[in-house]
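As given, the protein sequences belong to chains R and X, one line each in that order. Going by our numbering, the first sequence opens with residue 1, and the numbers climb by one from there. Going by our numbering, the second sequence opens with residue 1, and the numbers climb by one from there.
Hints may contain errors.
[Stated by the list, open to error] Here are the simulated EDC-like cross-link-like pairs (lysine to aspartate or glutamate), alpha carbons at most 16 Å apart as the crow flies:
| # | chain 1 | residue 1 | chain 2 | residue 2 |
| --- | --- | --- | --- | --- |
| 1 | R | 146 | R | 230 |
| 2 | R | 229 | X | 49 |
| 3 | R | 142 | R | 131 |
| 4 | R | 229 | X | 64 |
| 5 | R | 312 | X | 49 |
| 6 | R | 177 | X | 32 |
| 7 | R | 26 | R | 40 |
| 8 | R | 177 | X | 64 |
| 9 | R | 102 | X | 59 |
| 10 | R | 102 | R | 65 |
| 11 | R | 229 | X | 58 |
Hint data in this document are derived by calculation from the structure and do not stem from the laboratory. Quick caveat: nothing in here was measured; it's all calculated off a predicted structure.
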Amino acid sequence: MDFSLTEDQITFKKSAIEFAEKVLNKGAKEREKNREFNQDGWDKCADFGVQGLSMPEKYGGLGMDIMTCVVTMEALGYACRDSGLLFAINSHIWTCESPIVKFGSDYQKDKYLPGLCNGTLKGGHAMTEPDSGSDAFSMKCKAEKKGDRYIINGTKMFITNAPIADLLLVFAVTDPKKGFAGVSAFIVEKGFPGFSVGKPLELMGLKTSPIGEVVLQDCEVPEENLLGKEGAGGAIFNSEMEWERSCLFATHVGAMAKDLEDCIRHVNERHQFGKPIGKNQGISHKIAEMHVRLELSRLALYKVAWLKSQGKRAPVESAIAKLFVSESYVANCMEALQIHGAYGYSTEMDFERNLRDSIAGKIYSGTSEIQKNIIATLLGL
Amino acid sequence: MSILKNLENYLLTEIAAGLGKKTLQPDEDLLELGIIDSLGLMKLISFMEETFAIKILDEDVIPDNFQSLNSMVKLVELQAQN
Numbered sequence: 001m002d003f004s005l006t007e008d009q010i011t012f013k014k015s016a017i018e019f020a021e022k023v024l025n026k027g028a029k030e031r032e033k034n035r036e037f038n039q040d041g042w043d044k045c046a047d048f049g050v051q052g053l054s055m056p057e058k059y060g061g062l063g064m065d066i067m068t069c070v071v072t073m074e075a076l077g078y079a080c081r082d083s084g085l086l087f088a089i090n091s092h093i094w095t096c097e098s099p100i101v102k103f104g105s106d107y108q109k110d111k112y113l114p115g116l117c118n119g120t121l122k123g124g125h126a127m128t129e130p131d132s133g134s135d136a137f138s139m140k141c142k143a144e145k146k147g148d149r150y151i152i153n154g155t156k157m158f159i160t161n162a163p164i165a166d167l168l169l170v171f172a173v174t175d176p177k178k179g180f181a182g183v184s185a186f187i188v189e190k191g192f193p194g195f196s197v198g199k200p201l202e203l204m205g206l207k208t209s210p211i212g213e214v215v216l217q218d219c220e221v222p223e224e225n226l227l228g229k230e231g232a233g234g235a236i237f238n239s240e241m242e243w244e245r246s247c248l249f250a251t252h253v254g255a256m257a258k259d260l261e262d263c264i265r266h267v268n269e270r271h272q273f274g275k276p277i278g279k280n281q282g283i284s285h286k287i288a289e290m291h292v293r294l295e296l297s298r299l300a301l302y303k304v305a306w307l308k309s310q311g312k313r314a315p316v317e318s319a320i321a322k323l324f325v326s327e328s329y330v331a332n333c334m335e336a337l338q339i340h341g342a343y344g345y346s347t348e349m350d351f352e353r354n355l356r357d358s359i360a361g362k363i364y365s366g367t368s369e370i371q372k373n374i375i376a377t378l379l380g381l
Numbered sequence: 001m002s003i004l005k006n007l008e009n010y011l012l013t014e015i016a017a018g019l020g021k022k023t024l025q026p027d028e029d030l031l032e033l034g035i036i037d038s039l040g041l042m043k044l045i046s047f048m049e050e051t052f053a054i055k056i057l058d059e060d061v062i063p064d065n066f067q068s069l070n071s072m073v074k075l076v077e078l079q080a081q082n
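Chain X with its partners taken away, still in its complex shape:
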């Protein structure tokens, strides 16, 4: 499964469950839509670190890196290289 699909599935089932969304667009602003809140972000970071075997530094927890599926994919790819 692609990184994007993996993240989308997790967001839809664990973070946005109950919001009634079936899909997420790759560039959809998940912060402005309120899909990710502060506790949801903590869960998401743990999921990303475990699933993709990466380390996300606190300094990288900024809106640019979690705004959309595409921005998260970029972050995962970058951290995986490191």
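This is chain R alone, in the form it adopts within the complex:
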């Protein structure tokens, strides 16, 4: 395994940091307060190429390899103070664009990918339901074939990008007898009859990322919008999650790196009892532990990227990375806040927002507990 970055990757990473610092942070605090999605930031990210990072050039993407995607997401996580925007973009890429590239027909790719890459279309996926979260395949949403279309009925909950999405990848049961293997995925446009979206939900963090409920009431979906074959929903979902668990969580690694730099600067500059507070082991050990978590998070993530770049499966490794990075990010956010004391607790600084945003990482893309189930099962338990 060789995790060293190429010159091109280092250059691209630097340019992504400069771009985010210059373009994405203005007004971030106000938007967070107002739960406002950063449409301008979305557009600027699309101009920079973020939405099309890993997409084929044929559809307007940059055709980047996975390691470059991970490094770019790390750079954005480091420099962008709007985690909600990054969360929305990552959901768009890994749960909508990416499965269309991998499983879509030529018709679907030609129709949707150019707009998804240039940011004029926004996407996401709709899996979670009011009564099925971790047990995702116990969903109630059903799709019934009638002539040349499917009729979908059901409700989806906590759907990232739902209030702003032009299309969602909706998972629904097409064969109830087959359990998880009876689930199919459909590309559903917001204008399809019977499709509606509720108001954005109010959550603890990620306030600039619009998340909502989706109602499908006799929603008519043309048969050509079935993604892959009937029953391929499970494979599509698992494939999505492997990608999301590596690339999305790279933004957390970047954010951890920024927090650590801020903490080191602070503990060297802040004097109490006549010396920098970093000279106290109670503080320096916190910094050391933060660094250990950051380095190990990065290594876990790079290993997944390396495996995938070799065309290998990484179900255990991506579960390990997702579990470790998300738990480490929360732990580091707690330490960063504690190190900054009352200033850390103040909304004037970013530490309390980081902490609120970080907690969501232990829940979405499969909870920490589900990652442990995956790891244990694949170890033969």
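Here the structure of chain R is known, so what remains is to put chain X in place on it, guided by the hints.
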């Protein structure tokens, strides 16, 4: 050992252990019977790739290819040719 027997042994000992089944019929619908669940399928795919030195693409992870022992044997044979 034949591909079918190899798969049957693995399913009975690793995936369906605890269900009390001693044998599996070649055309028995393992999905409808709930013998293979989503995590079980991930284990099974890893086993098939390692044991038979094949690569199973995500696009091939559809019910038709994992419904029964016979359908899995067909998949292995097809991938082995590729």
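Worksheet item: Hint by hint, which ones does the structure fall short of?
Response: Result: hint 2 breaks, nothing else.
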